[in-house]
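Colleague: Here is how the chains run, residue by residue.
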Amino acid sequence: MTRCGRGRVISGNPELVAEDVSFAYLGATTAALRHIELPVSAGEVLLITGVSGCGKSTLALVLSGLIPSRVQGELRGRVMFDGKPLSGLKPHEASQLVGMVFQNPNLQLINQTVQSEVAFGPENLALPHAEIVSRVNWCLDVTGMAGMRKSATVTLSGGQKQRTAIAATLAMRPRILVLDEPLSDLDPVGAQEVLATLQRLARHEGTAVVIIEHRVDEVAPWADRVVLMDGGRVLLDQPPKVAWADSAVWARTGVGVPDVVQLAQALPDAFGGAIPLSVEEAAGQLADSWLVPALAQAATARAGAAALEGGNGVINGQPGSATPVLSWEAISVDFGTVRAVNDVTLAIGEGESVAMIGANGSGKSTLTGLAVGMGTPSAGQVFFRGHPVQPGKVFEHAAQVALLLQAADEMLFEETVIAELRFGTKFRALPPDPVLDVQGAIDFFGFTGLEQVSPWELSQGGRQRLALGALLVGAPGVLVLDEPTTGQDAEHMRSFLRLLAAVRNRTGLTVLAVTHDIRGLASRAERIVLLGDGQVRMDGPTSRVLARTDELKRWGVLSPPLARLQVQLLGHCDDVLLTVGEMTAAAGAYRDAHAPAAGRP
Amino acid sequence: MSNILVRTILAYLLIFGTPMILPVMFIKLVGLGGLRDLVTYEARDTPLHKLDPRLKVLYPIAMGVLSIVLNWDFMLIVFGLTVLPWFWLRPSRSKVRVLMVMVIGPALAGFWSQGLYYLPPPPIHYIYQFPWTISWMGSPGITGYGMVFGLQQSARVLVTVSTSMLILISTDVGDFTWAFERFRMPPQVGFALTAALRFLPDMISRTTLVLRAVELRGYDMSRPRWFQVRLWPDYVKRLSRCIVIITVPLLVGSLRGTATMAMVADARGFGVNRRRGSLQEHPTTKYDIGGYVILVLLVGGAIVLNHFRIGARPY
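Going line by line, the protein sequences match chains H and X. Using the numbering used here, you'd call the opening residue of the first sequence number 5 and step up by one each time. Using the numbering used here, you'd call the opening residue of the second sequence number 155 and step up by one each time.
Hint data in this document are derived by calculation from the structure and do not stem from the laboratory. In this text, a Cβ means the ideal position worked out from N, Cα and C, and glycines have one as well. Where hints are given, some of them may not hold.
[Claimed, not checked] With a cut-off of at most 20 Å between alpha-carbon atoms, the simulated SDA-like pairs for lysine to any residue come out as follows:
hint, chain 1, residue 1, chain 2, residue 2
1, H, Lys430, X, Ile397
2, H, Lys154, X, Thr325
3, H, Lys154, X, Asp374
4, X, Lys249, H, Glu23
5, X, Lys249, H, Val342
6, H, Lys154, X, Lys204
7, H, Lys397, X, Asp388
8, H, Lys154, X, Asp199
9, H, Lys94, H, Gly81
10, H, Lys430, H, Gly444
11, H, Lys88, H, Glu23
12, H, Lys397, X, Thr325
13, H, Lys154, X, Pro245
[Said to hold, decoys possible] Below, a sample of chain H positions facing chain X; criterion: calculated Cβ distance under 10 Å:
hint, residue
14, Ser282
15, Asp413
16, Phe417
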């Protein structure tokens with residue numbers, strides 16, 4: 005079997021083959037996997053994607069041998085490794101052939117230090133001391149964790165935990181590594197580091213890497229093959245350029261397509277019919293294209309408009325609003341000897357939609373938590389509509405500032421949907437002018453007919469909707485969202501963004517979103533605040549902040565691919581277009597004005 | 155009449171004051187976050203960290219035995235000996251704060267409860283004798299004899315607590331597992347300890363998160379001031395209800411996590427061999443030899459002294 009990925013040829017027989025695999029969980033009425041045929045060859049990086057519930061994670065468990073040995077259900081077909089069935093092996097035997105890295109690194113780090121975590125597997129195999137040392141050193145080197153070998157696992161960042169989990173799995177010396185959403189808790193720069201690590205493993209060590217991920221934009225440049233799943237079936241299994249050539253199948257399943265691919269499909273004449281997978285590739289293909297002057301013209305027009313409005317809109321560390329609904333004044337927060345937030349002054353205006361971005365540990369959640377009285381500042385004061393927010397008085401301030409936690413499931417406590425929506429009103433009288441009452445929330449969030457259903461019977465997106473609806477029953481002045489789109493597929497993300505827009509339209513609420521999702525949530529905000537090392541590093545209109553790609557990268561944030569593409573093509577611009585639609589509109593305007601030059605008939 | 159009333163009020167304050175101070179002291183100075191710190195390993199490069207893990211496992215057991223068999227005078231020496239290694243370890247400030255509360259709390263509780271209920275042989279000299287109005291509590295008054303006895307008993311307990319904490323903070327759990335194996339104990343014992351110590355901080359973090367979530371959803375967890383006596387019963391009621399509310403999400407989350415952890419342990423080959431390998435080699439150093447010698451001398455000395463009824467605990 006031979007497959008091509010970005011010009012590289014991967015040859016040889018596949019090491020692992022799923023042959024007509026179907027699986028149904030114990031007690032389930034429908035199969036999670038249906039007739040899966042999937043080969044995996046040494047040294048290739050395979051991206052498996054699909055909407056939530058399409059069977060990706062189940063496939064990972066099957067490929068790693070944990071189904072059927074540790075998960076009950078009915079398995080048909082077989083998974084063969086080098087011609088031998090994997091299902092006959094015990095978990096520890098299978099894990100030396102196929103290693104599995106689970107989604108949540110917190111649940112798979114059993115030991116207290118990085119090196120003891122990595123050594124755990126080889127120690128269990130009773131390997132000689134020298135072999136254990138050798139494996140631990142190699143795994144820590146290859147994952148870039150050698151410098152932190154003695155660190156306690158609880159002190160690691162999300163990216164470091166993920167790399168430790170990968171190192172611990174590699175210590176079993178698997179020939180194939182399966183990773184279930186390895187990027188979900190990582191900031192964009194951390195995600196690129198992990199992906200680079202995985203590619204190094206594939207290229208230098210010959211390890212086959214299977215990545216299950218929603219964030220296709222970030223994985224696409226690293227993948228040799230893309231597998232699209234839907235309803236437990238493999239819909240498509242191709243090298244990336246071929247896989248994304250047919251946009252209809254992706255649109256039908258609701259799975260995201262990389263922005264540069266969408267742009268190439270929207271403007272095929274500019275790209276010469278080629279499909280780029282990365283910003284660099286797209287920039288190369290567009291270097292001599294008519295799209296460059298088109299983008300330059302659009303940038304000049306926007307700069308002119310900005311000059312008329314006054315200033316370039318980017319400010320650094322200054323209050324952003326004259327009449328703030330929420331403001332942080334000279335706030336510092338210390339955790340022991342570590343200063344998490346350092347002298348931050350920031351204001352959010354009434355009705356604004358603001359995204360707060362920054363690398364893991366930059367102080368975003370600490371700062372937003374203070375708005376509801378969670379945590380105590382070491383210095384400074386937080387104000388809500390001019391009144392001080394008292395540390396520790398969460399119950400009082402939660403009525404004014406609704407905070408949706410990233411773990412929305414942890415915010416559900418009742419047995420039925422309606423009881424969940426009424427939960428807050430049991431302890432606090434509903435104000436005379438609520439943003440939503442209980443019935444309004446049922447109608448607005450689509451729970452009509454589901455009032456008596458248990459929250460746990462809803463989908464993940466449904467539970468998040470319910471938690472959001474329950475928070476809005478009352479009269480909050482501000483809605484604060486902590487990583488609301490983490491781990492969600494493109495369709496759920498789009499639904500959530502639509503819902504958020506509808507909430508704002510209906511209620512006029514001020515929204516502050518803490519997010520790593522620069523391409524989705526942050527790009528749709530009116531204003532972006534960038535935090536770095538506990539300080540405000542940039543604060544301004546979204547399209548202008550995202551144009552500062554180098555500065556963003558310095559603070560651990562990657563601009564969306566389209567923004568980076570424009571900056572690469574134009575060298576420098578103060579303002580970027582954020583969507584494929586905006587870019588095609590700019591191209592259309594240019595072509596209308598320069599029809600002969602653009603080669604239009 | 156007024157005299158008996160005042161004496162009764164004073165008696166109630168004396169009896170209930172300390173039990174009420176202890177939880178307040180714990181919440182204010184330790185809290186759930188502090189409890190998480192208490193069992194977290196602190197990676198350092200001290201000789202204590204490098205000691206033979208077997209010696210570390212034996213140390214709290216041996217000191218615990220000494221605290222039981224020796225009389226109070228000798229117990230003071232043992233207590234002093236268990237405090238000394240803390241200066242060697244120099245734990246972080248947050249840990250010291252938590253440890254102080256965990257030491258002072260039981261000491262205060264023992265001191266006070268024995269003062270109330272441990273009665274010397276007659277004639278009894280009370281520091282404060284309770285009036286008949288509080289006789290239903292079963293304590294005739296506070297005695298200095300009982301307080302000293304309580305302090306002695308607390309010190310005995312604290313010897314084991316202090317040595318165990320010292321070892322928990324300075325030993326990676328992987329080393330515990332290694333030590334248990336060398337003692338021919340099943341690997342599951344080491345793994346159970348590993349899992350407990352690793353996931354207890356996570357469990358505490360999750361509890362903190364869910365408690366915050368319940369407040370964000372509008373549940374009032376605000377605590378009345380100490381003098382708002384009429385509000386306290388309602389606070390206790392709300393607190394009790396909250397425990398019921400948060401139990402389900404905590405259980406659901408924990409069970410999910412346990413399933414993943416079990417699969418990870420299986421995949422990493424846990425339990426496939428009775429003997430495990432080890433990343434760490436623990437060659438016996440001069441510090442280990444010194445430690446073993448001290449331990450043997452202490453235990454051996456205590457047994458010999460006990461035999462000759464010197465420093466022996468009276469029964």
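Colleague: Now tell me, hint by hint, if it's right for this structure.
Modeller: Each hint tested on the structure:
1. Taking the CA atoms of H/Lys430 and X/Ile397, the gap is near 17 Å; set against the 20 Å cutoff, the hint holds.
2. For the proposed pair H/Lys154 and X/Thr325, the alpha carbon gap of about 12 Å is at most 20 Å, so the pair holds.
3. A hinted pair counts as satisfied when its Cα atoms are at most 20 Å apart, and H/Lys154 with X/Asp374 does not qualify at roughly 42 Å.
4. Among the hinted pairs, X/Lys249 with H/Glu23 is inconsistent with the structure: their alpha-carbon atoms are about 55 Å apart, more than 20 Å.
5. At roughly 16 Å between alpha-carbon atoms, X/Lys249 and H/Val342 fall within 20 Å of each other, so this suggested pair holds.
6. The hinted pair formed by H/Lys154 and X/Lys204 meets the criterion: a straight-line CA distance of about 13 Å does not exceed 20 Å.
7. A C-alpha spacing of about 17 Å is found between H/Lys397 and X/Asp388, which places the hinted pair at or below 20 Å, so the restraint holds.
8. About 10 Å separates the Cα atoms of H/Lys154 and X/Asp199, which keeps this hinted pair within 20 Å; it holds.
9. Of the supplied pair hints, the one linking H/Lys94 and H/Gly81 holds, its CA atoms being roughly 18 Å apart against a limit of 20 Å.
10. Distance restraint check for H/Lys430 and H/Gly444: the Cα-Cα separation of roughly 17 Å lies within the 20 Å cut-off, and the hinted pair is therefore satisfied.
11. Distance hint between H/Lys88 and H/Glu23 is fulfilled; the C-alpha atoms sit about 12 Å from each other, no more than 20 Å.
12. The hinted pair formed by H/Lys397 and X/Thr325 fails the criterion: a straight-line CA distance of about 39 Å is larger than 20 Å.
13. With a C-alpha separation of about 17 Å, the suggested pairing of H/Lys154 with X/Pro245 holds against the 20 Å cut-off.
14. Using the Cβ-Cβ criterion of 10 Å, the hint placing H/Ser282 at the interface with chain X is not satisfied: the shortest such distance is roughly 33 Å.
15. Taken as an interface hint, H/Asp413 checks out: its beta carbon lies about 7 Å from the nearest beta carbon of chain X, inside 10 Å.
16. The interface hint given for H/Phe417 is met, as the beta carbon of that residue sits about 5 Å from the closest beta carbon of chain X, less than 10 Å.
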